[in-house]
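Peer 1: Please arrange chain X on chain Z, whose structure you already have, making use of the hints.
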Amino acid sequence: MPTVGLFIPCYVEQLYPQVGLATLRLLERHGCRVEYPEQQTCCGQPMTNSGCNDEAKPLADKFLRLFAGYEYVVAPSGSCVSQVRNHYQQFLDGRPGFEHLRRATYELCEFLVDVLKLPRIEGSFPRKVGLHQSCHALRELRLGSGSERKVAPFNKVQLLLSELQGIQLVELARQDECCGFGGTFAVNEEAVSCMMGKDRIADHERAGAEVVTGVDMSCLMHLDGLIRRERRPLRVMHVAEVLAEAEGLS
Amino acid sequence: MNPTDRAEHAVDHAAAAARFVADDARAHWHDQALWWVRKKRDVASSAVPDWELLRDAAAGIKAHTLSRLAAYLEQFEQQATSRGAQVHFARDAAEHNAIVHRILSERGITKLVKSKSMLTEECHLNPYLEARGVTVTDTDLGERIVQLRHEPPSHIVLPAIHLKKEEIGELFHAELGTEKGASDPKYLTEAARGHLRQRFLEAGAGLTGVNFAVAETGGVVVCTNEGNADMGTTLPPVHIACMGVEKLIPRWQDLAVFTRLLARSATGQPVTTYTTHFHGPRPGGELHIVVVDNGRSRQLADPTFRRSLSCIRCGACMNTCPVFRRSGGYSYGWIVPGPIGSILAPGRDAAAHRSLPFASSLCGSCTDVCPVRIDLHHEILAWRQEIVRRGLLPWPKRAAMKVLAVVLRFTWLYRLAGWLARRVVPLLPRGLVYGRFNGWGKQRELPPMPRESFRDAYRRHRART
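Respectively, the protein sequence lines represent chains Z and X. This note's numbering puts the first residue of the first sequence at 1, with every later residue one more than the last. This note's numbering puts the first residue of the second sequence at 1, with every later residue one more than the last.
Since the hints were derived computationally from the structure, they do not count as laboratory data. All C-beta atoms in this analysis are idealised placements derived from N, C-alpha and C, irrespective of residue type, glycine included. Possibly wrong hints are sitting among the right ones.
[Stated by the list, open to error] Dumping the calculated DSS-like pairs for lysine-lysine here, alpha-carbon to alpha-carbon at most 27 Å: (1) Z:Lys57 - X:Lys402; (2) Z:Lys117 - Z:Lys156; (3) X:Lys164 - X:Lys186; (4) X:Lys39 - Z:Lys128; (5) X:Lys165 - X:Lys186; (6) X:Lys180 - X:Lys165; (7) X:Lys165 - X:Lys40; (8) X:Lys442 - X:Lys397; (9) Z:Lys128 - Z:Lys156; (10) X:Lys186 - Z:Lys150; (11) X:Lys180 - Z:Lys62; (12) Z:Lys117 - Z:Lys150; (13) X:Lys180 - X:Lys164; (14) X:Lys165 - X:Lys39; (15) X:Lys39 - X:Lys186; (16) X:Lys39 - Z:Lys150; (17) X:Lys39 - X:Lys164; (18) Z:Lys57 - X:Lys397; (19) X:Lys40 - X:Lys180; (20) X:Lys402 - Z:Lys62; (21) X:Lys40 - X:Lys186; (22) Z:Lys156 - X:Lys39; (23) X:Lys442 - X:Lys402; (24) Z:Lys117 - Z:Lys128.
[What the hints assert, rightly or not] Some chain Z residues judged to face chain X by a derived CB distance under 10 Å, without partners named: (25) Pro17; (26) Leu21; (27) Gly44; (28) Asn49; (29) Cys52; (30) Asp93; (31) Val151; (32) Cys178; (33) Val187; (34) Arg228.
Chain Z on its own, in the form it takes in the complex:
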């Protein structure tokens, strides 16, 4: 039975507890022993992405201290996992346990597909779903091939979703354009950020989606903020919520 340290991004912990719960239930349902280290706060990505490395380093240290002992670390976020896998090296290179931590930290869908090697999630989700490809999951973790690269097409998130009974994955005109969240970018470049978000929403609407899902609640929080302001008939759900609901876990 794999032992998983559950890594819940700070904004999910505070604002989207149901996403954390769905992640927990999915992992337990598929045979993992899950622990949530309660001292965790934030991986430090807002600081790293603002160039404030001095402020980010203590958070990287804290993360290593809390998570180094786990066989696996799993988070319902591509972006925060990328912070650990691709950006912690500058803070933690050579520290005992870091190499293990880096290799053992997975985004949820990646973990289900690559580590647990689930052939499929048994369940049904009879809705029209638009998959938002969040950029860090796609281009930093390579959960999918991406529209830019000329490699054999694959997509781990889509793979899990497409096996659900009754689901209709809609076809977007721009399959993996950024939603414009981008962390502090969402506020620093508010005008462009919101235009990007609205364009994504329009694409999902035109494609007939009822639900927009994705692996990063941060992108979905941004899109949801725009959707609710404009009272659009779309709903956002984290992919963990979709999978948990399909499996009857919620």
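Peer 2: Showing chain X alone in chain Z's frame:
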């Protein structure tokens, strides 16, 4: 602000972008025009087997060349000279401009035709020569359009992409005497062609940029779609080719890698309409090659930002960039905009261009389209660190990060802050929560504030199981 000397001013990308976005229809039109080019690039690159290997090869050749640039420069100079070209070296923009002016003035040339050269834009050659009595005509259609409007190009490959055909019709009516209200692209292009033909015939010299310079052969290669570089180098007797030191590649056979990548990445064409190879001057003519450093060797010395010297100026990173498409080239306030410009511009003047590395959602699409595999979004991120290190991040942002970092270091404080936000925000009047200070809430609702955190939910879950 005079757009031709934008670089002298501190750039506020977010403010310029907000102005661009404010014209929603135009911003969408700009976005869609460039997305169309990006899609053409996707199709064209899919047609090449082993596209990704080609990118590897290009990145490898560039890295190798840059690792022994001095030796290749010497070899190039020797070979070019032996073919009868005159090679000039310029340390900076001022030396470059002075060399070009000297070549012209020594021969009494007062009329120059120019094909596209981002280097001469970077060096502000046109105003320098015009102040000394030389008439400079940009002969690339897009470049000519922006020149007639007294504007710099807004994109390195598509200089007039920010303009609609109706605006070009008005400009040509005023400047070239086309019919009022005419906006048919073919008609306008014919008019420009006639106008430019006269300039070609009158010119005493033709100046071109350089896409690639081959050390082994001493040849330079110029890629255009309009044949204007060819007109400009076959009619006048003097050809001046201006290049940055980074345009070198070692061998003739390396060129094939880049010509396969360049046009496909830039415009989605299999190859540019004209790919012209200059090996020495034509009979009876002169070929001057001006090789310019202008800050490039300083960049070469920097291990973090060295890789972006591999740039072949295809513009693919601009076409794919969701921010560039929605903010326009001018919002970057530098001659090379977009993701690559956000790396190059702060390298020249970090204080003036400190907002550019933040004009990115770090989506990474630029990195994946780049034909020479520059890790653009990582270099953009590295520039953010550099800007903080040099104390150039505006203090409110710096202070916000410091406060946030303290809150996140202490779990109890983090929990308290989260609890307070979740309990207090729902009680506040909407007018207060969505006040002016709330940049998030201008167009977006705040996330719902649940009563319990995940930790609370986890504890309940554990109590049950």
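Peer 1: It remains to establish, for every hint, whether it holds in the given structure.
Peer 2: Results of checking the hints against the structure:
1. Z:Lys57 - X:Lys402: holds, 12 Å
2. Z:Lys117 - Z:Lys156: holds, 11 Å
3. X:Lys164 - X:Lys186: holds, 14 Å
4. X:Lys39 - Z:Lys128: holds, 26 Å
5. X:Lys165 - X:Lys186: holds, 11 Å
6. X:Lys180 - X:Lys165: Holds - the C-alpha atoms of X:Lys165 and X:Lys180 are around 13 Å apart, at most 27 Å.
7. X:Lys165 - X:Lys40: Since the Cα atoms of X:Lys165 and X:Lys40 sit roughly 21 Å apart, the hinted pair holds (cutoff 27 Å).
8. X:Lys442 - X:Lys397: holds, 19 Å
9. Z:Lys128 - Z:Lys156: Distance of about 19 Å is within 27 Å: holds.
10. X:Lys186 - Z:Lys150: violated, 35 Å
11. X:Lys180 - Z:Lys62: violated, 69 Å
12. Z:Lys117 - Z:Lys150: holds, 25 Å
13. X:Lys180 - X:Lys164: With Cα atoms ~15 Å apart, X:Lys180 and X:Lys164 stay inside 27 Å; holds.
14. X:Lys165 - X:Lys39: holds, 22 Å
15. X:Lys39 - X:Lys186: holds, 24 Å
16. X:Lys39 - Z:Lys150: Distance ~13 Å between X:Lys39 and Z:Lys150 Cα, so the pair holds.
17. X:Lys39 - X:Lys164: holds, 20 Å
18. Z:Lys57 - X:Lys397: With Cα atoms ~18 Å apart, Z:Lys57 and X:Lys397 stay inside 27 Å; holds.
19. X:Lys40 - X:Lys180: violated, 33 Å
20. X:Lys402 - Z:Lys62: Between X:Lys402 and Z:Lys62 the Cα gap is close to 17 Å, so the pair holds against 27 Å.
21. X:Lys40 - X:Lys186: Distance of about 22 Å is within 27 Å: holds.
22. Z:Lys156 - X:Lys39: holds, 24 Å
23. X:Lys442 - X:Lys402: Roughly 25 Å separates the two Cα atoms, so the pair holds.
24. Z:Lys117 - Z:Lys128: Answer holds: Z:Lys117 to Z:Lys128 is near 26 Å, not above 27 Å.
25. Pro17: Because about 4 Å separates Z:Pro17 from the closest Cβ in chain X, which is inside the 10 Å limit, the hint holds.
26. Leu21: For Z:Leu21, the interface hint holds, since the closest Cβ of chain X sits about 5 Å away, which is under 10 Å.
27. Gly44: With a minimum Cβ separation of about 7 Å from chain X (threshold 10 Å), the hint on Z:Gly44 holds.
28. Asn49: holds, 7 Å
29. Cys52: holds, 4 Å
30. Asp93: Nearest chain X Cβ about 16 Å off; hint violated.
31. Val151: Nearest chain X Cβ about 6 Å off; hint holds.
32. Cys178: At about 4 Å, which falls below the 10 Å cut-off, the nearest Cβ of chain X leaves the hint on Z:Cys178 intact, so it holds.
33. Val187: Hint on Z:Val187: holds, closest Cβ of chain X at ~4 Å, below 10 Å.
34. Arg228: With Cβ-Cβ at 4 Å, under 10 Å, it holds.
Hint compliance for this structure: hints 10, 11, 19 and 30 are not met, and every other hint is.
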